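Chemist: Listed here are the chains, written in short residue letters.
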Amino acid sequence: MAATNRGTFLSGAGLVWKWQRLVWWVFFVCLIFGFFSTQEMTERASSLLDHNMAAQRLVKGFDVSAVVLLQQLPDSPLEIHGHNIVHFSLLFVVFMLFATGGILAAYVLDEKPTTTAFFEAAGHHFWRFFRLLIYLAIVLLPIAGLAAASSVIRTHMEEQSISPYSGDHFLEAAAVVILLLLIIVRLWFDMAQVIAVAEDEKKMHRALRRAFGLLRRNFLSLFWLYLRVSIVAWALFAFGLYLWMFRLSPQSNVAAFLLSQLMILIWLGTRLWQRAGESLWYRNYQAKQVPEPAWTPPPAPMYMPTAAEPQQ
Amino acid sequence: MRLTKVFVLAAAVALSCGPAFSQATAATASVDTAAKPLSTRIVAYQIEAKLDASKHTIAASETLTYKNLTGQPQQTFPFHLYLNAFQPQSTFMTEVRRSGTRGNGPDSDWDPKHFGSISVDKLEVANAGDLTNKMEFIQPDDHNTDDHTVFQVTLPKAIAPGASVEFHIVFHDVLPRVVERTGYAHDFDMVGQWFPKVGVWWKNAWNCHQFHANSEFFADFGTFDVKITVPQNEIVGAGGDLVSSVNNSDGTKTLTYHSQDVHDFSWTASPSFSVVEDSWTGSQGPVKIHLLMSPGHMASAQRYIDAEKGTLRLFDQWYGPYPYDRITMVDPPHGGADAGGMEYPTLITLGTAVHMPRGVLAPEIVTEHEFGHQYWYGMVATNEFEEAWLDEGINSYTEVKVMDALYGKNTSAINFPFAQMSESGLQKISYLGDPDTDPIARFAWLFINSNSYGGITYGKTATVLLTLEKVIGEDTLRQALHTYFMRYRFTHPTGEDFLETLEEVSGKSLRWYFNQAIYGTQILDYSLTDAHSDPLKWWETSARGAKVSAKDEVYRTYVVVERKGEFVFPVDVDVKFDDGSSAVEHWDGQDRWVRYQYDRKAKIQSAQIDAHNQIIMDRDPFNNSFTEDSDPRAAHKLRTLWVFASEWLSQLLAWLT
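Chains A and B, in that order, are what the protein sequence lines are.
Here the working numbering is used: position 29 in the first sequence is 29, and no number is missing along the way.
Here the working numbering is used: position 181 in the second sequence is 181, and no number is missing along the way.
Calculated cross-link-like contacts (lysine to any residue; reagent style SDA-like; alpha-carbon spacing at most 25 angstroms):
#, chain 1, residue 1, chain 2, residue 2
1, B, Lys55, A, Gln160
2, A, Lys60, A, Gln261
3, B, Lys564, A, Asp75
4, A, Lys60, B, Ser630
5, B, Lys113, A, Glu159
6, B, Lys603, A, Ser46
7, A, Lys60, B, Leu406
8, B, Lys409, A, Gln71
9, B, Lys564, A, Ser76
10, A, Lys18, B, Thr657
11, B, Lys50, A, Gln160
12, B, Lys576, B, His532
13, B, Lys50, B, Ser249
14, A, Lys202, B, Thr657
15, B, Lys564, A, Gln56
16, A, Lys203, A, Phe119
17, A, Lys112, A, Ile266
18, B, Lys113, A, Met157
19, B, Lys603, A, Leu48
20, B, Lys564, A, Arg44
21, B, Lys253, A, Ile162
22, B, Lys113, A, Ser150
23, B, Lys576, A, His51
24, B, Lys564, A, Leu48
25, B, Lys564, A, Pro74
26, B, Lys113, A, Tyr165
27, B, Lys564, A, Gln71
28, B, Lys576, A, Gln56
29, B, Lys409, A, Gln72
Below, a sample of chain A positions facing chain B; criterion: calculated Cβ distance under 8 angstroms:
#, residue
30, Phe33
31, Thr38
32, Leu49
None of these hints come from the bench; they were simulated from the model.
These numbers come from a predicted model, not from an experiment.
Even for Gly, the Cβ is constructed at its ideal location relative to N, Cα and C.
Work out the full structure: start from the sequences and follow the hints.
Modeler: Here it is in structure tokens:
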């Protein structure tokens, strides 16, 4: 199983690379939304800062108080854009809900994601995945309850314990548990999506049930697959942040932009890596499930014409 | 510096064996009671206190000898009982619920077991007997009869001027869970404002305010002899010299402290402290630095020490000598942060975190700030209830100066490769959060809310003084602060005393400034609303078209400056032209606007109000300048950040799909 899993881990990355146009599509949509969401801010910031000598406080370094002052201005260029960002992020969620069908079709069927095939699959699965999203919200409720309970317990421990850190340590442990639970839930729902695409399953509760069964029987290999990719994602993201904050010159706008986009690209790529890995795993699983015929009739005696026989 | 680090490490190892080292070291402190007093000693407190470390309660008795230097007979004496503020119906709690307080404040679901209190079990007066029944709670500020933070007692007979009266008070403290500078957290006890403290006869009346959400303290100078009994495993720090330490047969120990020419006494105890000892020598001799570190915070110890030594040096050099032979620095534990960031005479509380980044200078700032209070509150003992700006505001100004000198002008609050912030920037943004609701000169509890109190009292006062440097010069202001300190140390000066000292030292009448900045709420905001050049003979230029050489063209340049706020302040306007020439205009700012006009064979290159960034009070520095050359890098940088934030949020939310 371990060997199979290692194969899935690397092959998943290979599958993402093979159909990398999917990554690029999603990335560019995300980037475009990002630009749209900040367009108004940029225009207002440009009109305020481009001919302004005080702007040097943001050019030669990054004066935090200057940013706060900008925020405090009555007609601040930063004033309204939190809403824009949230709106476009929600729009991106809808887009991803739509695109996931097309992405999974390419991974599960291992077929070139032409535009037509992509949109057909995306449209075909959109409402199914929307229903899955509702199921996901229901499943996440107890986890949210767990998080709230952890916070309460932490407060209680802080009050009762002599050690100043016992509450925090508990909360850190709880956060790890919750994070692992979230990975498991995502794994489960991703598998349901794979089943929905691979089997053209219309009933999402049935897909969820089958996915749960598969997950239960193959938990370690699947969880390890997801966990490893998650670790890679977080490690690369943290490394990117480190480079951005501590290694890049504050005046390197172009380099900062490229690095930030590379971080987003890698983050997106690793998420699709999880999906590709799981799709591959399911394909392999299906292949193993093809039943051996219970009884094979003996081969019929072959009749081979001989040279002596006359040709018809 | 490096030797200090080695010493700190060595001390930390040695002291991890127990509290004996610190006591032995501190016990060597000289107690020169014979020397001429630095202050007029009006009060003499002798207190014996016993801490129940498991219940966080203190059983204590106090003998207060009060010397009547009021110049008139006194029969009624008011006392503070600060710990009673931590009761649900107190004025403090009412104000906290209404409009917040510093720090976190009590939780909205504040558990009764976290309340604090102080009860007087017995009050006797020498030659007058038991007057416990004569005690009555008074509420001079708001008439809230449920507030028990001040009581008064009327003696059978008035105390003659120059005579003394001796109060014997038996009291019992219940420490609250850490809140507003005092209380317990885990095994840590911060014991501040814990004993019945007599009010101050000031401006020909008793000044003894209730404890409010936005106010601190006010008391007379004198001596303190305090015996503290704690379990033997407790490590104790206090605002006094350790005179003796005796182990008792019941597993406790009694520490005796003496302090003089101070107006308060506080102490702390925890078995988990690590002790770091250091010293610094200034113009008045050596000063022992006694640092008590909480678990997990040792990485910040050297940062505290470095900041403390740097601050001691600069205060000694700039404002005046530090006359005490010690400073105790207390690092509260994780979960006890509300005890941090507080000043008591010769004892300050600090604040850090387990993984405090080097680039966040919070440990340094809190060290500098709280030590600064040894001058602005400790020695120059202004009335924190009524004129909080005199301690917090002046102290925030000197915080800027010291932090800038020690850690760099643009990096004195945050110093990362990717982001920076100056101390003056920090003060300014705290002021501009709510710049014009309250004036600086206002009783602390009369501010509309804690944000306004904090922003105005700390941030605005610092910003006002930084801006004053432009009027009288940085060196003159420093000299004025030195004069103010030397003249008023160990007294209770008023705001007017401070302002008059500024005028006296600078030799300038500054009322026009103080009336707006200290007593008013006007906003200072100048704006460059127009800066452009046109060909003077535009009609000829248009007709001649491209045949005319640009260098022969005469341009008329207009620069318009508007005063957008009501605060009138003289400003300089620097105008630069593309032939390298320039002009500097000085405008008194009296009118609402001014237009400058230039006819030159050059077009405008740039125009800037306050080119040297001296008018820190100017609300909006982004409307002060214009440059012909476009530089889109700032906007691009912001866009990169925002696009990234937008994409990142999108990716996180898309996890749901």
